[in-house]
Structures are given as C-alpha cells and as structure tokens.
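S.K.: The task is simple: from the sequences and hints, build the whole structure.
Chains A and B supply the protein sequences, listed in that same order. Heads up, the first sequence is in the UniProt record's numbering, so the first residue is 1 and it goes up one at a time. Heads up, the second sequence is in the UniProt record's numbering, so the first residue is 1 and it goes up one at a time.
Check before you lean on any hint, since a few could be wrong.
It does not matter which identical chain is meant; a pair holds if it fits inside one copy or across any two.
Heads up, simulated BS3-like pairs for lysine-lysine below, C-alpha to C-alpha not over 27 Å straight-line [to be verified]:
1) Lys263 - Lys131
2) Lys198 - Lys184
3) Lys67 - Lys263
4) Lys198 - Lys327
5) Lys67 - Lys164
6) Lys37 - Lys327
Just so you know, the hints here were simulated from the structure itself, not pulled from any lab data.
Number of protein chains: 2
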Amino acid sequence: MKFKIHSCICLNIIYLVLFCEIHAEPKPPLKCNLTQKLKDEIKSYTPIVNRIIKSAVSGNSQGQTWKELANFVDTFGNRISGSQNLENAIDYMLNRSISYGLENVHGEPVEVPHWVRGNERATLLSPRIQKLNILGLGGSIGTPPEGITAPVIVVETFDELQEKANEAQGKIVVFAEKWEGYGKTVQYRQYAAVRGAKVGAVATLLRSIAPFSINSPHTGWQDYSDDVRKIPTAAITVEDAEMLLRMYRQGRSITINLYMEAKTLPPVQSRNTIAEIEGSKRPEQAVIVSGHLDSWDVGTGAMDDGGGAFISWYSLVLLKQLNLRPKRTIRAILWTGEEEGLIGAFQYAKVHDKKDFNLLMESDEGTFNPNGLYFSGKDSTACILQEIL
Amino acid sequence: MKFKIHSCICLNIIYLVLFCEIHAEPKPPLKCNLTQKLKDEIKSYTPIVNRIIKSAVSGNSQGQTWKELANFVDTFGNRISGSQNLENAIDYMLNRSISYGLENVHGEPVEVPHWVRGNERATLLSPRIQKLNILGLGGSIGTPPEGITAPVIVVETFDELQEKANEAQGKIVVFAEKWEGYGKTVQYRQYAAVRGAKVGAVATLLRSIAPFSINSPHTGWQDYSDDVRKIPTAAITVEDAEMLLRMYRQGRSITINLYMEAKTLPPVQSRNTIAEIEGSKRPEQAVIVSGHLDSWDVGTGAMDDGGGAFISWYSLVLLKQLNLRPKRTIRAILWTGEEEGLIGAFQYAKVHDKKDFNLLMESDEGTFNPNGLYFSGKDSTACILQEIL
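M.R.: Encoded structure:
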C-alpha cells in the first residue's frame, strides 16, 4: 500500500495529483454552462463508447485484462523497487506493448530506492514465548545481529505515548492503534519510528494498517526524520497487537526480541513504462491512464497495483484492437517506485510540462466493480466529465 | 477446525452426537402435544430466565466470559493434544472452577495422540522461485531430511485425479478444489493423502479449506488409510493454489520442494475437564454444556474452541453467582483431543451410560451473535425446546 493524496475504488480514478490543485472536501453542486455544440459532440461518441464497452464486457476482450494480469503476476511475482524482477517486468511490458502495436513505447529513467528486507522475526519472550508474525516497514533499518531484546510498552495513540514518554526510554514501543480507515490510521505507520525514537524507544512495532488479519501482517513504507535517531520498525498482526495491549493493560511484564536484517542499498536506475495511441488531431495533447508496476516484496502485487496498471494499459490495447484512434494522444504510464513515495510520478512531473496534459487517470485501490469516479481539477473539466457520465 | 457431524453458529449448539440418532435433513414441522402442566412449568421459569439473561447481557456478568477467555488464551497460547500447554490449561480450568465454587470438579483420563509439527516449508522452484506458505496437516508424516523435490500436477477434483492417474506417479499432487462450504470441501483435507498415494503421488498439497486467505494457510486433521502408503500432506494458501492451477492449465512445468519435520510420538494421557452444579431433585440426571479446550498448535484457539468452551463453562459460573440451583445437574465438559477426531468425547461416551443424560449441548463453530439452535434427538424433546424458545 502507499501514501495517496486522494483515492477511491472505481474503474479508473481520475487524478490530477501531479499538476493540479487538490480539493479533498466535497464541493457544492457544479454550475455548468456547456455549449450545445459540446454537448452534441459528446453525444455523438455514444456509438463508439458502446462498442468499446461491449467488447470489454461481452466481446473479444472479455476477461482479457484479467488473463494478462494473471499471467504477468504468475510470471514475475513481486516487483519491489531496486529488484531485477521489476526491471524484467518493465521489459516484458515494453515488449508486450510493442507486440500489441502500441505506439511510442519506451521507458523513462527514474532513480528508485533499493531497500532490502532480509530475514526478520520477532518473538514474545515474556509473559510467555510466542512467535509474532511481522513484516518490517519499507525503509526501516535492521537490528544488530543479535537482535534487540527489550521490555515493551503498548499505547493506542500518539498522545498516550507522550503521556508515557518517561516510560519509553530503552523500550520497544508497540502501537495498538484503532483502525479508523486507511487514510487516517496510516499515520501510525508513517510516524511510529520517529515518534518512538523521540521518546527514547529502541524499536517500534505497530498493529498492521488493516481492519483485520489472519495472522497476516501488512507492510508499507515509512519515513525517518533527519532530526531523530533511526530505529527499526515493523508491523505485527492485528491479533497480536490486541493481545499485547490486553497483557499491558493487565500490568503483565512484556519482553520481545526483534531481529531484522533490513538495509538500504544505493539507489537503482529504473523506468516509468510508457505506451501510447497517438492522437489524430492533437497528438501533443495527452490523456494519461496509469497505475504502478512496482509492488511490495512479500506478495505478487496483483491488486497493488497490478489491477490498476493493467486496466489502464489494456484500455489502449482494446482501442487498438477496435482500430479506434482518438483525437488526442492516450498514454498509458506504468509508474515505477510508487511504494517508496510516488518516486516515478514525481520524476515524471518534474521533466514534463503540465500544459501538455488534459487529464490524468490513475487507479490504485484494488480493481473491483466500479462505483464512481473521483475527480480533482477545474470546474469546467468537471462539467465535461459530468456530461459524459 | 474439526470434523463435525452437525454444526451451526449459535449461542450453544444442542448436540446429542454421542448418544442419539442423527438426522441431517430438515424435518417436517413438529406435531407437539405437550400437557398444559408442562407448558405452565416452562412458563413459570420466565422470571429466572430473565434474571440470567439480564446478568449476562447488562449486569455483573456482562463481558466476563470474554475477559475470562482473553486471559486464558493470552496466558496459555496454543493447546495441542500431547502438549504441556494443554495440561497446564486443564489444571488452570480445574482450579478456576474450584475458585468459582463449582462442584465435583475433576478431570477424566483420555489418551490422546501426540503429533508434532516441527519446521516445515515449501518452495516453488519452477517456473519461478517463490516461498509457499504451508501448514502441514495434523497426523501427517514428515519428509526425508532433504525434503521432497518433485514435479507437480494440479487437479480440482478427485475425479480429475482419477482421470490423470497415470500422470501422478512420483509427483506432488496439488488439489485446487473449489470452496463449497466447510462440510463439503473438507473431504479434500480428509482424503487428499490417501487418494494421492493410491495413484503413486509422493506428497499432496491442498488449497486450505477456507473461502479465502491472506497468504494464510489453514491446518486441520487428516487420516491415513491402512491400505495405502503414508505420504506427507499439507495445506497451501488459496492464492497459491489458484496460481498453481493457472500455471498448470497453461502447461507450465511446475516443481516444488516440500520439507516437513512432522512426526507422531507415543500417545499421551490427557483429561476431559469437568465441573458441575449438582441438581437439587435429580442429581443423577445431567444436562451437559460443552466445548473443547484443546486447539491447534499454530494459533491460540480463541474461537476454536475457546469461545465455545468458555460460554459453556461460564454459564455454570453465572448460575453459581446468581445462587441458582437447577433440579437436574448441569455439567460443563471441556473436551480434550477434539481436533484429532473427538477423542475426548468418544472416550466419555464409552465410559458413561447414556441414560444418565437428558441433553448435551456443544458449541464449536465460533461464538458470534446467536442465530438459532440446531437440535438432534427425539421429537418429544424437540417439542419441549420449541416451547422454551
């Protein structure tokens, strides 16, 4: 999973995150004043739209995106930044794009972090011995070779940690924060290590940022702050976090041994993967559909973000197979280094002029039944989208 | 989880599995002919029933069962048959029963199997390298020290395995059976090793008997048959089973290394844990409430069957605290060795005379909101229960 400025589950999420002002709050109803000419033009596309939908839903393309994705994740497995797997996957997508006749297929260089997990484990030593399933958080440092064995305090909030600041020295701080939705609860993953280090903790563990688990911890990126010491940090399961909280509240003395080999190697050259269908009238103007090709190292990234990447990319294949050429260029971008903080996207924004883009769409919350579109941008554009939908 | 003759999710599941004929099919509506005297007697208990419910739902006992259970599982962790953990947990429950003033508290000896998992792992070697999360199935033998490395065939049904019988020789058979509910799908766990061995497989792996997983395999008991060779058998995750099936259907060559240290040690003496509130009028007649205290070795058994055991046992504590004494004896039995095939229950049935029991209740499907009672037994008893409810 990742930090996101906006997100919702939909077929494609419309994003102007790179180039536009963001409004997170719901807005009042739009006052639209589209010309009849524009409305007529939008309406005139209905037969083409229906042809596209029919092909995807019940025609030749039915199930093809899923098959392409399944084959991709089965072939490459995880694709973390810095890995050869990711570079192989990028090569594969470039070749696959060419084989489908997509245009201007190329990679654009991006320097990405290279964090390596290594072996890791945690063991509850007292009040009884139990293996705790963990996943180190992306970017975390490792422990010394003998691990870190320390007493534990368990808190539910950052405020509670502040109240217990003088108990935290030399201890492992466990955050057993409540699940209040990803967007809110993820702060505990983002800031656990920094907040823990500030009060003298030797490591932090936190309840996975997830509503529930099946003894399955959930990883994600975290960032250190330059003004505090770096300490190892990892996610534990929801069940174990709740157990440790109960034990702590009962006044039991808790000790944990944490062992992590995690380390950060020098950055690696990677690529944003790009393919187009060139526009017939305004080729210099682009509509971008996108998702990220990199994943975490402990799964296959089928939904984070294989699904988003493939529904975006395959939309071009579909148009190509239907022999449809748009007026503007449609560009699929499969971002790299998203999990480490939108690295590929920021690099792209840095080297491209935003005036060349009409619309940017990104999907990265799992690809299920579409339930709407989330849009950020100018009201005039929103009015057009409203008319289209 | 376990083999069950009947099951449903409810506050307490009424079971006469040990002593009565079982009817799995829905029956026609009952023709009841209770005497007015009996109906009046049942009605006369309403104030007592309300007092019990009030105490449990909003009175002094509110949340107490949960707290007792949480404390129990946090203290002992897993309690597999043959383990010291289970014996310590039984001692604890005997002492706790005495401390609450329960009567005739004692253990009744049961010889239980002693299966030990040891380390275990599986690795997909081709078409690419990936660690496969596994859980060996209870009772399985281990592999040789170097593990078993073999090509794989993947089937969805036993019938498909029969069709491919001459491809299975020397291979690891993966069952990627469809989930059709626990009661139906569990046959793949029960018979995978036997069916695999019959066609010459060297090991079997199967999709966990669960609707979904989060890279989390699910264990359970399996039994060998005397007439075929014993081969190692383990559960894999739902995700990995589906992936292997896709790979196999695409004609990819699949190889897996399976390593399991599992072994069966000599049986161990354990106990059914028993506590009572003696009846005031017919102490020799018993109503049994029960759940099992043993668990699998890879969790804390909070729901399988901590929840069932504790709602049964605490119902006696509740009556004791309310100073209520029933006419018949109410007996809590915390079975031992359930996971290995109802060992404690069968032993109990063997040494006790069924005429001493009026009703046997057991809960073992997770303790959630009650949604009904499942009953097996005589129509005359069903009529009484119907009048009570």
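S.K.: Work down the list of hints and note, for each, if the structure agrees.
M.R.: For each hint, the structure was consulted:
1. Lys263 - Lys131: both (23 Å within a copy, 21 Å between copies)
2. Lys198 - Lys184: within (22 Å within a copy, 54 Å between copies)
3. Lys67 - Lys263: Close neither inside one copy (35 Å) nor across copies (41 Å); limit 27 Å.
4. Lys198 - Lys327: Answer is neither: 55 Å inside a copy and 64 Å across each miss the 27 Å cutoff.
5. Lys67 - Lys164: between (52 Å within a copy, 25 Å between copies)
6. Lys37 - Lys327: within (17 Å within a copy, 87 Å between copies)
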